[in-house]
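Undergrad: These are the residues of each chain, in order.
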Amino acid sequence: MAADETNRLPGSRELRRVLPALPAAAGDGAGFAAAVGCATAEEISELLRAARADGVALVSAGARSLLGRMVPAEAGARRILLDTTACRGVLALDAEALLLRVRAGTPLPQARAAAEEAGLRLVGVEPSDPGTVGGWLATTARIHDPVLALPVSPALGISSVLPDGTAWRSITSPRSACGPDLGALFFGTGGAFGVLTEAALRLAPGGSERKRISVQLNQPVQAAEVLRRAALGPLPPAEGSALIWVDGRGARVELGFEGTAGLVEEAVRELREHLKSITARELRSGEDAPLAVAKDLPVAGGVRWSRLERVITEFNLPLVDALMLDRPEVSGCRLRVLGGEPASLAARLRRFLDPDGERGRARAAEFERLRRVKRELDPGSLLNPQALPWLEREVLA
Amino acid sequence: MLEPRLDTEELRRRLSAVVGPEFVSASDADRYAARDMWPRALLRRRAGRFEGLPDLVAWPADGAQAAAVVRIATQAGWPVVPFGAGSGVCGGALPERGGLVLDLKRLDRILELDSRDHLLQVECGAVGENLERELNRRGYTLGHFPSSIYCSTVGGWIAARSAGQCSSRYGKIEDMVRAVEYLDAAGERRSTAPLEPGLDGFSLLPLLVGSEGALCVLLSASLVVRPLPPARAFAAFRFADLAAGVTAMRSCLRAGLRPAVLRLYDEFDTLIAKTGPEADGEASSWLRDLLGRAAKPLGRLGEASLSVLLGRPALLNRMTTLLPGGCLLVAVCEGSQGETRETARALNAACVTAGGEELGEGPARHWWKNRYAVSYKQSPLFAAGAFVDTMEVATTWERVLPLYRAVRERLWRRCFVMAHFSHAYREGCSIYFTLAAAAGSDERAIEAYDRMWREAQEAVLAASATVSHHHGIGRLKAPFLARQLGTGGALHRALKRAFDPDGRMNPGTLFADGAR
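Quick note, the sequences are listed as chains A and B, same order. Those letters in the first sequence? Residues 1 to 397, per the working numbering, in order. Those letters in the second sequence? Residues 1 to 516, per the working numbering, in order.
Possibly wrong hints are sitting among the right ones.
So the derived label-pair ranges between C-beta atoms look like this [stated by the list, open to error]:
no.	chain 1	residue 1	chain 2	residue 2	range
1	B	W368	A	S277	31 to 39 Å
2	B	A349	A	R212	52 to 60 Å
3	B	R116	A	A289	30 to 38 Å
4	B	R71	A	R351	29 to 37 Å
5	B	R405	A	S277	33 to 41 Å
6	B	A29	A	G357	31 to 39 Å
7	A	S128	B	A349	34 to 42 Å
Note that these hints are calculated values from the structure, not bench results. All C-beta atoms, glycine included, are put in the ideal place defined by N, C-alpha and C.
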């Protein structure tokens, strides 16, 4: 980067030494004292050490794809933007262990393409995600495991640079019993505890058989029940979503099954048996165009099945056009709303789901504890200082 | 750590006021029983060294009492060691620095079972078998079946990140737990917000699961349960070697199958699995009998000859390589009738394709019948002057067999080694090693035990495998975990200081250096 840019950081002796050797950030660094790109963990380490020594904050960013859930890279006069997109590339694809090792700055489409080339797919990554692997992990604490129909961590191993500049590589293992899952400090925490540099992502083989079913239902609550039964069925659906209109048009459910021919057949048979009992109509080919729903629809919450019925029957505000259910699990699913002002509707629905604020208080207490951990690792809160406040605001909104 | 500011009698008086005098004890019997089953501690006690006794044991009746007990104890500067049923084998519940053992077995109530969301709210002192029976009575299962199920608690499972025998279908305990209520080091009752279905936001929960009492005391948990499976199928196969068996396991998982159980035994463990420790037989020397079978020329082995043989592990290990080849794989499938049938069919096809010879249901049914028995068959070995321990590690599929070989090679002259492969996931599986040896005296046995573990874990670390899959860390593996973590130890230390700044909670376990 240009030496004159370092002049914006008076008194920053270490940074003045380190910054000139680093290339400028790929994207816009407006508002930051400096914006640099790092291609290796060593460079990130050196930069973090220098920033810490000089008391300057450092904000890491990937593609800055600005998906709704991304932590914003807030600028500031005493802040440096660290662009990690040069730290990219697929390191290895292990088809036996179903793992893809990538650098954290790798764009998700590139990682996805590498998996697809081997006839595999990345688990938990939405087809539309345009960001980097690091950005995705920093905003994703869990993904859905279709085998268990339960959430699991999004990566089996990571490498990162801790706030003091120390590089750390975790073990890569399918499971372990080695104390607290330290990955939880990196997944979904917006980079507050380190800058991810590598990850081992889960891959899944395509099932030998695939079947997609679309169903039209007259009663909206039936849609939730269809999803619930599917999650508990012989083959949890690889995809499952429901769109429930609140204007009396009923609901539509889409389910995708993948697996051995026998299990797919069995899952479809059980589903059809249930549909028959509730007189639902299975859509024929041609009628079953995939549901088109805005990708950035705000999330109202994860809702337990037992509470969903109340949402469907009671949260029938005139402004809501439809409810979108997806990611079915054993205990519930994700809920989003479609309407004139989705964001405010989502907030209202959250209040509806947590009327006495119990959940909000528990979440606040969790963040209080997390801030303590942050203080231990990063006393000056110099690495991604915006991350925890932003996540907390999002969660408690 | 600060020095205790109250003497035992004063603390006992204060705790008695909370839980009642009959629920606080300083008796030798209660203090002796308040520890886990770490074989090293058993060896030391066999040698007459009775360290690791608490000063007091308290049994609170509920969360409020537990909170008051922790507050009083920690404010008085006493270490607090949470205790379930004591089935641990790593020294995770071993009050080496004295203090108070907080026995949670009276917190054993089912608080709620939500049949629509399949969520169970249960207190953490509930013993596994009691809980599972009650769930079965109501038509559900937790799907968590550790071999210690008769003598382990929900809290112990969560604290040590336990795995049950059906983990390939139901996951490990960390997959099932959705929220916990806990006490922090100040005795404050707190809860994590339940994980929201379908959402991916940060949760504190994974930082508390596996914390082995060193960050908090677990009071209750919300766990995912499943409907009791209406059907179950059994199958067994013989493979020419381990490599073929591992290929079969991997193929099953890769195909997206969810068998409840897949267990592959190495050649010697195959002998045991086939004949098995009889559940209804005497709790006597199963290993001796099997060693006898493996070494027929030596004739019937007495206790003394067992020790002699285990004292020459290289010879014994060499003998096992002369066993007729073949590795047994037992499989159990469960679920709806249709799923069970289809899973069994696909599993059969995968095993046969990998070279498996069908053995019918017998060996798998035999294993199922005796699946909890082996944990209770080790005492005779200790009585014979020998010792036995188990090491459960995990890695990804491509490293599984190199890890197995590396551990065996490393321990060839240190102890007798056999193993089975289980807890299969899409990405890899666990290897469960059984290690047995004997030494001339108790003191030498302790030295041999330490050496055996050092060598074993060195091999595991060198293979980049995880040092524990489901027994946890305790004192036994804390130094090795520190090495596995490397620079990540800073994260551990930060957690410990953030949750337990004065180092009161179960000091000495999990964090090798006390997180200082």
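Undergrad: When the structure is checked against the list of hints, which entries are broken? Sort them ascending.
TA: Failing hints, ascending: 2, 5, 6.
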